[in-house]
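Protein chains in written order, with numbering that gives the first Met the number 0: chain A, 0 to 295; chain B, 0 to 295; chain C, 0 to 295.
Worth double-checking, as some hints may not be accurate.
Because identical chains cannot be distinguished in the list, a pair is counted as satisfied if it fits within a single copy or across any two copies.
Below, simulated DSBU-like cross-link-like pairs (lysine-lysine); rule was C-alpha separation at most 30 Å, straight line [unchecked claim]: (1) K29 x K119; (2) K64 x K35; (3) K64 x K119; (4) K119 x K148; (5) K244 x K29; (6) K29 x K148.
In case anyone wonders, no lab produced these hints; they're calculated from the structure. What you are looking at is a predicted structure, and each value in this text was computed from that prediction instead of being measured.
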Amino acid sequence: MKKTVWTRRHLVDTHSLTVEEIFEVMAEAKALAGIKAPLLAGKVIANLFYENSTRTRTSFELAAKYLSADVVNLDIATSSAQKGESLLDTAETLAAMGVDALVIRHSSSGVCQQLASHFKNRLSIINAGDGMHEHPSQALLDLYTMLEKLQTVAGKKIVIVGDILHSRVARSNLHILTKLGAEVHLVGPPTLCIDPEPLEDALEDADVVMCLRLQMERQTSGLIPSLAEYREFYGIDRQKLELAKPNVLVMHPGPMNRGVEITSDVADDSLIRQQVRNGVIVRMAILKLLLQETGG
Amino acid sequence: MKKTVWTRRHLVDTHSLTVEEIFEVMAEAKALAGIKAPLLAGKVIANLFYENSTRTRTSFELAAKYLSADVVNLDIATSSAQKGESLLDTAETLAAMGVDALVIRHSSSGVCQQLASHFKNRLSIINAGDGMHEHPSQALLDLYTMLEKLQTVAGKKIVIVGDILHSRVARSNLHILTKLGAEVHLVGPPTLCIDPEPLEDALEDADVVMCLRLQMERQTSGLIPSLAEYREFYGIDRQKLELAKPNVLVMHPGPMNRGVEITSDVADDSLIRQQVRNGVIVRMAILKLLLQETGG
Amino acid sequence: MKKTVWTRRHLVDTHSLTVEEIFEVMAEAKALAGIKAPLLAGKVIANLFYENSTRTRTSFELAAKYLSADVVNLDIATSSAQKGESLLDTAETLAAMGVDALVIRHSSSGVCQQLASHFKNRLSIINAGDGMHEHPSQALLDLYTMLEKLQTVAGKKIVIVGDILHSRVARSNLHILTKLGAEVHLVGPPTLCIDPEPLEDALEDADVVMCLRLQMERQTSGLIPSLAEYREFYGIDRQKLELAKPNVLVMHPGPMNRGVEITSDVADDSLIRQQVRNGVIVRMAILKLLLQETGG
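Extracted from the complex, chain A is given alone in its bound form (with noise of 0.2 Å):
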């Protein structure tokens, strides 16, 4: 009757997925909102992360157990003995073993399509964050922590302010808000971001503002001259948001720097619980897309 849409096996991007595909897994999300079923049982996930991510990891393994999934995690960043293996013969290891999704997260970008391609129907891979190219679980929780308090966003002003240059983030949310007809507007330093808009432009009447996470990292590598100058032209204040409508809606990915990209108080009235929250039904809603066998 409905799963009509969806055929996928993985989740690799936001870049590929039609506007039904998008709809479809808002629809899921917002069937398992709340709820706790068993209807993975029986399946493995297995939480594959070469880069440190608590959070990200955290949100997938309960989306997974809250559909009473098993869930084995192998944190590749922080384990002292890693002996060289390739990603490719790490995954195969786990197909053999029995699991049927990897989430993957790595620093290199466009892995994730590379190991779809190869499995294709074996297992599903799922994009957790790749290098600097897409985080598409992040950008469809966006989405729907969106649509929760704005019904729609095509003709909405949203605006994404930061690192964009180096941002999955940022490029999974461009895509998917295009697409449903959002004007984006790409705010950074000239450094981290191309042909940039100035900030007071974009903000002016801006429905959203989404905040990215600054990298620290960003500083010591010369790419901004200071924390202290970066908060001051593009750290988001209440004194900046009064650009915006009033009732602009402030996101952010986390984790928060607070007192740089984002001031404690704005920070405080955003929608990042909100976004946490919809993180694990969207995750939800992608495992049970990608794994729940169709009856015929």
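Let chain A serve as the given structure and place chains B and C on it in line with the hints.
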């Protein structure tokens, strides 16, 4: 019918526990001894450890699993890339993900009380050791172990030996034991214990001797002259125990430095295994009391 | 009816296994292949790894979960603050917490036998690799994999190539294979193998070639002159395999150094994936035999 006393959502200390509450934990623990039951099915417990403690983390993890709760482990101490998010933001993130209880170990005294005040009824905070403040589940399991052997601690002479000044175990035990009418003696080197009694006086006719673990870094920090001297003056051995009652109970919170604060033969005759076994039982009781919905 | 042979509580080596016991593991594994069943519901398995091995730990973890056992992981190798407790005290602590089996990897040869002698019937010790001594579950899964292809190993020529001297995998395989009547040949550089046969002689008409992983630190320790020389003389490639039987089976315990002990094309045609898949199955059989209560 039962559950008339317990109304707390958090366990942050023993200082504020009433005698009735302490006995309710004891009664619940006794009822749960040796049992596995799905009393907390559907609940989620997060172990949030900023200091490494395989022993305490595993004890809480097993206690939760024996009651069919889901567990996620966040070993912040061992994660290579700590992104500098505040404890409060991390705790709020886990709350947003649907976690029902946070078991927290942290180096800062008082953080669990702060979190409990912040979260109120939104989730349960369980202190698994905060700085030099408290370690309430340890003191409750110590009490359970003593009651198994002595029926009551009222009027008993209980000697705690070691680094009293820095010990959250000593502090939590002291609160409970004095509430219950025990006669508690604190003994240690003058640099690690305020106004210490001579060990010989304390040990005379003692019912219980509780050895604290010597933190090895105390030596390099100049607080004790040498391990050999510590062992000679404060290490518990058979000869010193001759001053105590014939059936004196020897306890240790673990992990032990055999041959330092306790000789190996005394360790083998001590109650340390019973303490560990009772630790799981008492933590089951704590989780049940804090998390189980009361029927109406 | 069945279970007439197996009475062990521990699996510490293959040296002491009888032929009947080996075949009982094979039969159990065959019966469990592809199955998930709650045969060990309520049992608790602790993975106690003093050396890092994501692969073996995950294999045991999944084997346990496929049988509905609870699993706790203690990655001592990666915990930043190892408090110096002895292995015996740590094992006793886990026993007191109610753990039914300890899966142990440790750098010291013989520790699993010591623990088994100590614990007797109180819990099960499973050796997941102890120093240069044994790695019995690896040898049993290797046997299972050979039997799938060859039906029997009796009379088969099996060549093990590499660092024989330091290899617990070689040692455990040697015991099993010779018990079952195989003709085992051990080959490697003279610094890593006592009285080695020339590789060409060994490979002639071989039924199975098992490559061992080259520990990269052997080079810096002066035991091999260079990786290039090792590859030339002992690396298994198509050309060397022409000496063997046409359908020769190539095996590797993983993780592989592609281009060192095995060329990448030979690796792709090897049985390594089957070995990994069978690893989970054989470990399920081991856990079931050691832990399942027999009815009466």
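Taking 30 Å as the upper bound on the Cα-Cα distance, should K64 and K35 be classified as within, between, both, or neither?
Classified as both: same-chain Cα gap 8 Å, cross-chain 17 Å, threshold 30 Å.
If the cutoff is 30 Å on CA atoms, where do K29 and K148 land: within, between, both or neither? Let me know, please.
within (14 Å within a copy, 50 Å between copies)
Checking an output row: K64 and K119, CA cutoff 30 Å. Within, between, both or neither?
both (25 Å within a copy, 26 Å between copies)
If the cutoff is 30 Å on CA atoms, where do K29 and K119 land: within, between, both or neither? Let me know, please.
Both: 28 Å inside a copy, 28 Å across copies.
Evaluate K244 and K29 at a C-alpha cut-off of 30 Å and name the case that applies: within, between, both or neither.
Classified as within; 27 Å inside a copy, 60 Å across copies.
Please sort K119 with K148 into within, between, both or neither, judging by C-alpha distance up to 30 Å.
For K119 and K148, only the inter-copy Cα distance (27 Å) is at most 30 Å; the intra-copy one is 37 Å.
The structure is consistent with each of the numbered hints, conforming to all of them.
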